[in-house]
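Chains as they are written, first to last, in the numbering used here: chain A, 1 to 824; chain B, 1 to 129.
The hints are simulated quantities; they were obtained by calculation from the structure and are not laboratory data. The beta-carbon is built from N, C-alpha and C at its ideal position, and this holds for glycine as well. Be careful, since some hints might not be right.
[As the list claims (entries may be wrong)] Using C-beta positions, here's what the derived DEER-type ranges look like:
| hint | chain 1 | residue 1 | chain 2 | residue 2 | range |
| --- | --- | --- | --- | --- | --- |
| 1 | B | ARG7 | A | ALA686 | 42 to 50 Å |
| 2 | B | ARG122 | A | PRO619 | 53 to 61 Å |
| 3 | A | GLU795 | B | ARG122 | 39 to 47 Å |
| 4 | A | HIS509 | B | ARG7 | 16 to 24 Å |
| 5 | B | ASN118 | A | THR589 | 26 to 34 Å |
| 6 | A | PRO563 | B | ALA96 | 39 to 47 Å |
| 7 | A | ALA797 | B | ALA96 | 39 to 47 Å |
| 8 | A | LEU567 | B | ARG122 | 29 to 37 Å |
[As the list claims (entries may be wrong)] Interface residues of chain A toward chain B, partial, derived using beta-carbon atoms under 10 Å:
| hint | residue |
| --- | --- |
| 9 | GLY561 |
| 10 | SER591 |
| 11 | SER600 |
| 12 | ARG602 |
| 13 | GLY606 |
| 14 | ARG651 |
| 15 | ARG700 |
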Amino acid sequence: MSAARAQGDARSRVAMRAIVLLAVVLLAAMWLATWQRSQFEMRQAITAAQLANANLAIAYEENTDNALGDVDQLTRMIAVEYREEGRGVGKAIEAWSVDTDLIRGLAIVTARGETLVATGDTRGAGPALRERLAFHAAHPGTALRFTTPLSLRIASEPAVRVVASRRLETPRGEFDGLIVAFLNPAFFNHFFTRVEGDPDGVVSLVGMDGFAVARQTGKVSTFGGDMRSSTLFEQLALRPIGTFVSRGVRDGSTRLIGYRTMQEYPFVVMVGSSLAATAMPVRERTRLYFTFASAMSIAILLGVYAMGRFLARQRRDFEALSEAQARLRESEARALAITENMAGGVVTTTEDGTIVSVNAACCAMHGYRAEEMIGMPLWRLVTPPGRAGLAMRLEQMRSDKAAGHEVKEILALRKDGSTFEAEVLNSGVEINGQRTMVGIVHDISQRKALEREHRRDEALYRVTFDQALIGIAHTGLDGRFMRVNRTACEMLGHTESEMLGMDYARVTHPQDLPLSEAHRKELLADPMHPFEHQAVRRLLRKDGSVLWALLSVSVVRRDDGSPEFFLTMVQDITELKRVERMKSEFVSTVSHELRSPLTSIRGSLGLLAGGVAGALPKPVRDLVLIAERNTERLIRLVNDILDTERMDSDRMQFDSKVTDLGTLVARALESMQGYALEHGVKLRSAIPRAAVAADVDPDRLIQVMTNLLSNAVKFSPPGGEVLIALARLPDGQACIEVTDHGPGIPKEFQPRMFQRFSQADASSTRAQPGTGLGLYIARGIVEKLGGSIGYRTAEGAGTTFHVTLPDPVRHRAAAARPALAQPA
Amino acid sequence: MATKLQRILFVEDEEEIRAVARMALEAVGGFEVVECASGAEAVAAAPTANADLVLLDVMMPGMDGFATLAALRHLPATAHTPVIFMTAKVQPSETASYLALGAIGVIPKPFSPMEVSNEIRRIWAGAPD
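Given the sequences, and given the hints that come with them, work out the whole structure.
This is the structure in structure tokens:
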């Protein structure tokens, strides 16, 4: 996910949370307010109802007080009258109209129980009167007393009456009967029914004795009833006046009650209204509030939902937009980065060729700053000869919207007037309906220079290849010629077309082919192999004749080291070979031709000196001996020259076998004894008891030893001693040392010691005759045998030559490796 | 070689060498020498020469040593007669080729006239029957 998208997401989540939180707070506040409002209104309604009940209770109390006051006053007046008039009072009472709503009857009963006066409806009151009589007789005091409502059978109809009675006393205060008023409890209800109340309301007059006098609930009036265990009496125990809430025992409805204890009379008035009735209007209002709150809640929730949807869409839109913007920015940045970092210069122009934009590379190429280039006509970047072409191209792109791109090489112009070769790819594009020309410029001066250089190299190479006086051939790994030069063709007598594709085996002498094959394999196998390999090979010309060639073969490898082809240089050495052979033949012939007369001379002189032709006079014999000695010397010289020639042409032959060197040393010593005797030199040998063997050609090694011995004898003073010693070195090599006690080798001669025809004493009158080839041949032989030759010398003290020969076992192993050198 | 070496058929084109060699072989070695100046002469002389040994030069005009040897081998008289080459060409390979042709030895030229007879006897003695 992109950063922009993540940011958009986070922002949108925060907004959504804020909205939800706001909605929750709003809902909570609204519901709290609604609830509180309803509670408040309810409390207010209840308070109002209680106040109304209290007021009603006051009114009721006054009313009741008045009514009872009337009864009190009447009975008191009657009592006074009775005291004054006695029995006579009856008349007065009878005259009294007692048929009030309240007082339904009056009666005076004497202490003896005799009803003195009875007016109004007093029927069936006998038992009550008797009870009252007994009560008052027992209780002094003339206050008016009330009973609980009593059911009386008056005129055979049931009636409920409260009996109010007052004790009558004599002037002396003795019990003298009582006056009784029969009160209709319905009077109180009647009063109450005149008060507007709710159907579930209650009004009650209750005696302090705990029995209800009258009670009106709705339209139902009841009289009597024990209320001692009611809430009212719990409250009365606390306060004489007050309000409370009661749950109706009978109907189960909750009521708001106001009550007052009457001050004059033992009654309590109680007014109650039903809570339901009080609450109803409040509830209706509250329901309205709640309905409103619910509606609001739904509206808020819907709002939140809509907001959420909106935000989500917004977020999606934003994300889409952000992503699109990010992509656009990225694409723009990429395009800019590509353009700016392109090695090529990028320039855009208007249709008429005015530069609109350039990248850094373009500025660098032309040596301008970007701000200098923008607005500049494009032709200023081109040298005059190219301007016409540029104008034509611009015109073409203007007129032909479908004109494709074009790649062109031009000579571009720098600010400083210098020029460079450039390759321009130009095309026209539409950007916002504007035709824009885009040019991509590459500085190709270097490439061009390289190309020119390459072409020159190529030409040079081609000329060298074609005109070389040595043959050059490129041979593929499959052995077929890929390229051959003229000289190679001429050498082999083929045309170039004949040679190309031809297998090199066809031009190689069959006897040399295995060697060539082996060399090619070696060259291929080992990249570290010496870069080139030189060998002499016989090649076959087209006409079948043999061409002696010195080949130099190397492998041309690719960058990764894999071989690509063989490069072979061929030098025609046929002529050289012919000359060599001629020289060799010449030397050989001359030697042979010399040998024949020498054979005769030596034979003749030998027979003469040997006395075969008879005894010779001393002077003759001396001369014959001189001739014989010099014949021997001449023979040695011829032999040495032949050996030298063979060695130089690498044709000296060796017949090597593992040989006991002790035997060879003894043979060499023996052959030199005569010569040593002539010089008065003693020859001595030191040969170890254990055999020392080496892989040598015995005759050639003897030739070396005799050469060294003859040198040693030659340079030994008369009476001197020459020692030839044989030893096995710790490393397995054999060592032969020849030591003399002569004058030593002069320093100046030492560097030339082993050269041809070098002698320490080059004067024609040298005392020690020799060919000057001895050491040269000796070294050649020893080296051919795989050994080495050296010397130690001290002027005046003598010289020791030492020859070391390789351990035969190792030497054989080394010799078993394939020889690379071409045998001559 | 059981039989005694007595008669030598000596083939050499150079007259002077022939003379010196003959003297060395007869005077110093005590052999009987039958001289031939060419291969052809040798082939002609061989049937009657009754030679115990052929001493043969290699480089000769006309029939060279090898051709002469081959021709002698075709003659009943010399089919099995031992041959020693006496030549200036004594490179190891050359020596080996002479021995391969059946020669019992090689004496290099120039030879020592006082030694040559002993050399021949030594070769004769070392050769198989």
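Hints broken by the structure, by number, lowest first? 2, 4, 8 and 9
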